[in-house]
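Visitor: Position chains U, E and Y with the ligands relative to chain X; hints supplied.
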Amino acid sequence: MTPAKNILNYSYYPGCSLHASAKEYDESTRGLFKALKIGLHEVPDWLCCGATPAHNVDELLSLSLCAKNLELSNQVDGDLAVACAACFSRLKVTQHRLAENEEKRHQVAYALDAPLALDKPVKHLLEILATDFGLDRLAAAVQKPLSGLKVACYYGCLLTRPPDVPELDDCEDPSIMERVIGATGAETVSWSHRMECCGANFTLSRPGVVLKLSGEILASAKRGGADCIMVACPLCHGNLDIRQKEIEEASGRHYGMPVFYMTQLLALAAGVSTSKLGFGSMMVSPVSLLKEKGLL
Amino acid sequence: MKHSKMTLSAETMNLGFVKKVEQLSGSSVRRCFQCGKCSAGCPMRSFMEHPPNRIVRLLQLGQFERVLAGRSIWYCASCETCTTRCPNKVDLAAIMDALRKLSWDAQGPSKESLVQLANRLFIDNIRTYGRQYEMRLAAVFNLKSGKLLKDFMLGPSLFTKGKLKVFHKKNRNIGEIERIFSRIEELRRKGEAT
Amino acid sequence: MHTDKVKHDFEPKIVALVCTWCTYAGADLAGTSRMQYPPNVRVVKFPCTGRIDPVFILRAFQKGADGVLVSGCHPGDCHYMAGNFHARRRFAAFRKLLEFVGVDLSRLQFSWVSAAEGGKWVEMVTELTERVRQLGPLTEFRELELAEQWSGATLTTPELKEAYQAI
Amino acid sequence: MSRIGVFVCHCGENISRTVDVEKVAAEAGRLFGVAYTCDYKYMCSDPGQNLLKKAVAEHKLEGIVVAACSPRMHEKTFRNAAKAAGVNPFLCEMANIREHCSWVHEDRDEATAKAIDIVTMMVERVKRNKKLQPITVPVTKKALIIGGGIAGIQSALDIADSGHQVVLVEREPSIGGHMAQLSETFPTLDCSQCIMTPKMVDVVNHPNITLHTYAEIEAVEGYIGNFQVKVRKKARSVDMAKCTGCGVCMAKCPQKKIPNSFDKNLGFRPAIYVPFPQAVPNTPVIDRENCTWFKTGKCGVCQKVCGPGAVDYTQEDEIVVEQVGAVVVATGFQLYDIGPKPAGSAIEGYGEFGYGTIPDVIDGLTFERLASASGPTGGKIVRPSDGAEPKSVVFVQCVGSRAREKGISYCSKICCMYTAKHTMLYKHKVHDGQAYVFFMDARTPGKGYDEFWRRSIEEEEAVYIRGMVSRLYQKGDKVVVMGSDVHIGVQVEIEADLVVLATAVQPREGADTLAQKLGISYDKYHFYSEAHAKLRPVECATAGIYLAGACQGPKDIPDTVSQASAAAAKVMTLFARNELEREPIVAKVNERFCVGCLACRKVCPYGAVEEKEIRDRSGNLIKVVAYVNPGVCGGCGTCQATCPSKSVELDGYTDEQIMAMIEAL
Ligand SMILES: Cc1cc2nc3c(=O)[nH]c(=O)nc-3n(C[C@H](O)[C@H](O)[C@H](O)COP(=O)(O)OP(=O)(O)OC[C@H]3O[C@@H](n4cnc5c(N)ncnc54)[C@H](O)[C@@H]3O)c2cc1C
Ligand SMILES: Cc1cc2nc3c(=O)[nH]c(=O)nc-3n(C[C@H](O)[C@H](O)[C@H](O)COP(=O)(O)OP(=O)(O)OC[C@H]3O[C@@H](n4cnc5c(N)ncnc54)[C@H](O)[C@@H]3O)c2cc1C
Ligand code: SF4
Ligand code: SF4
Ligand code: SF4
Ligand code: SF4
Ligand code: SF4
Ligand code: SF4
Ligand code: SF4
Ligand code: SF4
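One line per chain: the protein sequences are X, U, E and Y, in this order.
Position one of the first sequence corresponds to residue 1 (this note's numbering), numbered consecutively onward.
Position one of the second sequence corresponds to residue 1 (this note's numbering), numbered consecutively onward.
Position one of the third sequence corresponds to residue 1 (this note's numbering), numbered consecutively onward.
Position one of the fourth sequence corresponds to residue 1 (this note's numbering), numbered consecutively onward.
Next comes chain X alone, as it looks inside the complex (with noise of 0.2 angstroms):
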């Protein structure tokens, strides 16, 4: 028999925080392409796309880590694959700002000493599950369905906006997530602050802010009725998780609500071992609450 080939091919551009913080978002994403038979190949030397900071005080730099990082992305075929909506942001803004500037196509091209190549397709894991790979075959992958799980699905800022950048959904009204996660049977609550920023830019300089915008976002998730939130982006797991404890203790609430990369509760649903999931990274443990729901 020969090995099982791979359906579709990527190549991959993780970014910084899922080498760190997000590991369990970068281990969970790998572990479920792999179930999937999608190809998954790491860009070598990836640079920092720059994130907010760069672009916030230096449009330039930002343009040109990221044109740099899309001419790396040509080392590896297929379309690349981004896993953090920042990063999926930065990249999809640079060739869309770059294709309609003359003037700073220049200058970037100048910054990297060499001719822009901006074309590779730039696909956040989103779109290449729904669309590429399919939603049907993702919900015939499902080994574990994930029923009576009650998930709030977060899209945060930078998924969908600005209008004709990322081009993955309705802009204001999308339901990529919704559609993802419902291929594996779980049930998405409807809530109010599923596109609200969570302040993720100041969770170094102003603490204050990720308590305020994030723990309203959490209460939102909590009055819509979910069990867990899931996010597609480190920052917002970030604020959400690992700032859950501390938004409690500033609110005076508790929530207790787990917060899921969205390839985390795929991978569990595909019947990918438990132990590659990285659950026990999670701030607010899922052990009890998928325990309860019959999924460990």
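Incorrect hints may appear among the rest.
Stated by the list, open to error - Just a few of them, taken from the derived set where beta-carbon distance is under 10 angstroms, the chain X residues facing chain U:
(1) Ala20
(2) Ala22
(3) Lys23
(4) Pro44
(5) Leu60
(6) Ala111
(7) Ser205
(8) Glu216
(9) Gly280
As the list claims (entries may be wrong) - Derived Cβ-Cβ restraints for the label pairs, each shown as a range:
(10) Y:Lys447 with U:Arg188: 46 to 52 angstroms
(11) E:Asp77 with Y:Asn620: 44 to 50 angstroms
(12) E:His74 with Y:Ile195: 42 to 48 angstroms
(13) U:Thr7 with Y:Ile358: 17 to 23 angstroms
(14) E:Asp77 with Y:Ile195: 37 to 43 angstroms
(15) U:Asp124 with X:Thr131: 37 to 43 angstroms
(16) X:Asp170 with Y:Tyr410: 41 to 47 angstroms
(17) Y:Tyr410 with E:Asp77: 17 to 23 angstroms
What the hints assert, rightly or not - SDA-like cross-link-like pairs, simulated, lysine to any residue; straight-line CA separation at most 20 angstroms:
(18) E:Lys63 with Y:Ala660
(19) X:Lys212 with U:Arg45
(20) Y:Lys427 with U:Leu15
(21) E:Lys13 with Y:Asp117
(22) U:Lys89 with X:Asp164
(23) U:Lys170 with X:Glu42
(24) U:Lys19 with Y:Gly433
(25) Y:Lys646 with E:Val55
(26) X:Lys212 with U:Arg71
(27) E:Lys45 with Y:Ala660
(28) U:Lys20 with U:Glu185
(29) Y:Lys76 with Y:His10
(30) Y:Lys429 with U:Ala10
(31) Y:Lys391 with U:Met13
(32) U:Lys161 with X:Ser285
(33) U:Lys19 with X:Asn101
Just so you know, the hints here were simulated from the structure itself, not pulled from any lab data.
For every residue, glycine included, the Cβ atom is placed at its ideal position computed from N, Cα and C.
Guide: For chains U, E and Y with the ligands alone, coordinates are given in the frame of chain X:
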């Protein structure tokens, strides 16, 4: 300053500055008709002394000192809500970027030093390591901002969860990073970029 | 709207004096919308409430009506611009006189029903019918001769005299 | 009348489901005077109507009651059928047993009883109905247009083109109105003169138009189709028949320094003048107040130089009487003169703006004259004070308008747009100038209007500041503007070279007196009132009089022209007939009883009641009574309910008819 009288004339309206902002952001400020939708949805509105619409309004009148004086631009989270919903396609998030850049360059008179510090460290990190190392970023930030105890409680638990790496691999593109930085600086020295 | 079919001891007679442009059309609308209301009302159509002489109201009470409804266009909507305005002034004076001759004013209802207010027409008629049903038949007035009451000779106060002049 | 037929309709099952139609017919048959009854499935169908006609013939019916749907549905149908059968249509009535009965009740017995009552009431009514004949009035197919602005011109041309005669009366020496004063016009910025002057020339050349300029309405009598109008043609002092328009007189007149009001006093004219070079007619008038001849009896230069001998100092006002069938009022507007409060005015002044004292504070129309290529500066924008080119111009919107407590609560509608236009015209002429606009709202609800306004900001770089200006004062050669930006919440101060006030649009001086002559109504500002704000926006309540343009309310040119053409269409509809036929539901006065108190005249909303003198054969006045002009009466019946002696009756709704219905209960 905020409440002092504003005298308008060709001299007091720094429209050159506004042109620069428009150029950097790729967005018109004149298109704004002050509907306030940007401010209505801005998550950071309550932290800002000038709500986003007022920033645009001040720009329309060429009042850049008033814009840069406040800490508002540093409290923008770059969430793009304003840009997404503006009926006139005023790209406020990009305008905020442009303003921060101009304020940054001018060693701006901003009151918001902590955000600036975090940004600076972040960018320094990239320049030195090519990637972001959160542990180091946090540590240095705390050191420099004098907030030694800040996140003290969080640090150890993150650490035990394996979320903060102390050691990191050397990036083979590190030399290229440095060259990108210096070529950008060179462009600016030559006045070919802002 | 289904009213329970209770048989009442007393079925009042209601006369509605309405203008053709607004209220008559509003009552038509109630019909085309198949709304339901008590069958006690008999409609007399006028070009305009401006044409409605208070004497008609007296005559109706005298000839067996237990309640009278007068209704036309809303202020400002009069097909003839100001007819309903004059009518309003006239009726304001008339109410005083009516009270003087001993008619319970709750038997007389003035209102505005536009051509679009089928629902309001139904409400008006239903309410008035119900109210008059509670009050019972109007008997006292019926025996009196119109002329007697209406000579103006018996009016005592200057206020009433003035009202009499005004209508 | 004693031979009445009652026809009860089933309306398929719509009526017969709840009403026992056979019983209704049977009960009706018992009524005194009913000679025939029947019931039928669909009365309005052809067989139904034929049945009615046959019954009339067979049973010699004299009155008809159709118990069916609402009269609003089929009264016309059955009255026509009655007419065809030889019965006067007004002797046919409908008893509404569908909308008012079968559809609103469920209980069959109750509904049937009610239906019988309704039929009884109508039978009693029909017995007392009179044969009425439609009223006819002749129509004089000639229209009078008052006011020769774009509104009057458009109406005149439309009516004249349809082949009818038009008399156009204009107060000024030339037609053209405000549009002739404008430079370029929003929203397309085409030159006003270029589109206006050809139309003015068309008017003077049109074979169907009689033009009276320098003329006013003296008196109007009559009613729709039949007005007599007295027009006072003021003495021009120039014989229009002889004058060739050569202009020599104007060139030679020694009086050269009379402020030209057409140019908002920015320029000068002689005592013998045409208001502007493209004037129509191109015949000068002598301004007698300023002419040396008329002041001192000396001079006479113009008469001497006039080749054809057209100048005539002895000319006198002339009264012309015109017979017309319809009137279009198009007297337009004027701008509010925004100085200090005029004595006795209901409107507060605006002393804080210094208009009239600070020379560089002007109004919008003055700016139009400055910007106009044919204006006093040849289109160069300069300050009135020193002729310098203004580098900063502040425009202030809503001056006078929308200030309820100062006296005007309405929005003038055009100033947002013309201010935007002014900023553009200014920028086109003074490239390095800066325009500022203080505004409260931008009201631009027309096709392409908002885009036009945005262009003034986004492309012509006008700085719009939301907020009202508090005060203007002179400081050196600048005008200081004290305003505020309410978006930012700061006071704003600008030292301007020129300030332009967008002042309120008001009706013309004397609009009220003209209205009184015409017998039309007007609002508290003296704008003329339309008969219905939505459905009859170009008609006056007074039949035969129509409205066009800004005299009815502030309007821009597109709106004015639409309304003018609509008014013309109304006139042509009227002129399409030789006689007017109308429902004979009108009031009639019984002259024997009428005491002549004229209470009816006070309440009549149509002004239909007139005084009439009754004289004996030798001409001695016996008494004065009321007379209702059937051409004007709208048929509301208010007079009848008001008349203390019950001497006026509305045909079709007589006391007798109504009492009969009430008594049938
Ligand atoms: C500053 C300014 C700029 C404007 N710019 C624009 C623009 O760019 N685009 C646009 O669409 N609109 C513009 N308008 C509006 C435009 O002027 C009006 O819509 C238009 O002139 C109205 O025409 P009218 O015929 O109703 O009134 P008018 O132009 O006022 O004409 C009325 C005529 O009736 C005559 N008259 C008055 N009383 C009598 C009487 N008793 N007897 C006989 N004759 C009488 C007057 O002498 C006058 O000739 C502007 C207005 C202003 C003030
Ligand atoms: C919410 C709302 C509130 C409003 N309130 C007011 C108000 O308070 N006062 C006011 O003055 N105005 C009001 N308006 C505006 C008012 O409705 C319009 O001015 C008016 O209805 C326009 O009439 P119309 O005949 O031009 O168009 P419509 O009313 O749209 O009539 C057009 C007709 O043409 C028919 N039609 C379309 N295409 C074809 C075709 N190809 N062939 C044959 N027939 C066709 C349509 O079926 C329709 O019957 C309001 C409008 C809205 C939406
Ligand atoms: S949403 Fe856009 S138009 Fe509205 S105030 Fe903000 S920037 Fe201006
Ligand atoms: S991008 Fe900045 S200004 Fe805009 S909504 Fe977000 S936080 Fe507010
Ligand atoms: S006449 Fe009226 S009630 Fe009779 S069938 Fe016709 S629509 Fe119906
Ligand atoms: S009045 Fe005489 S001089 Fe004057 S324009 Fe007419 S023809 Fe010429
Ligand atoms: S008579 Fe009068 S109008 Fe004629 S030239 Fe002399 S001043 Fe002028
Ligand atoms: S049109 Fe504009 S400027 Fe004129 S009154 Fe109305 S709102 Fe004010
Ligand atoms: S109210 Fe009657 S009495 Fe008086 S004038 Fe009119 S018709 Fe004659
Ligand atoms: S019926 Fe009405 S319109 Fe006719 S005269 Fe009497 S009050 Fe005037």
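Visitor: What are the numbers of the hints the structure violates, in ascending order?
Guide: No hint contradicted; all consistent.
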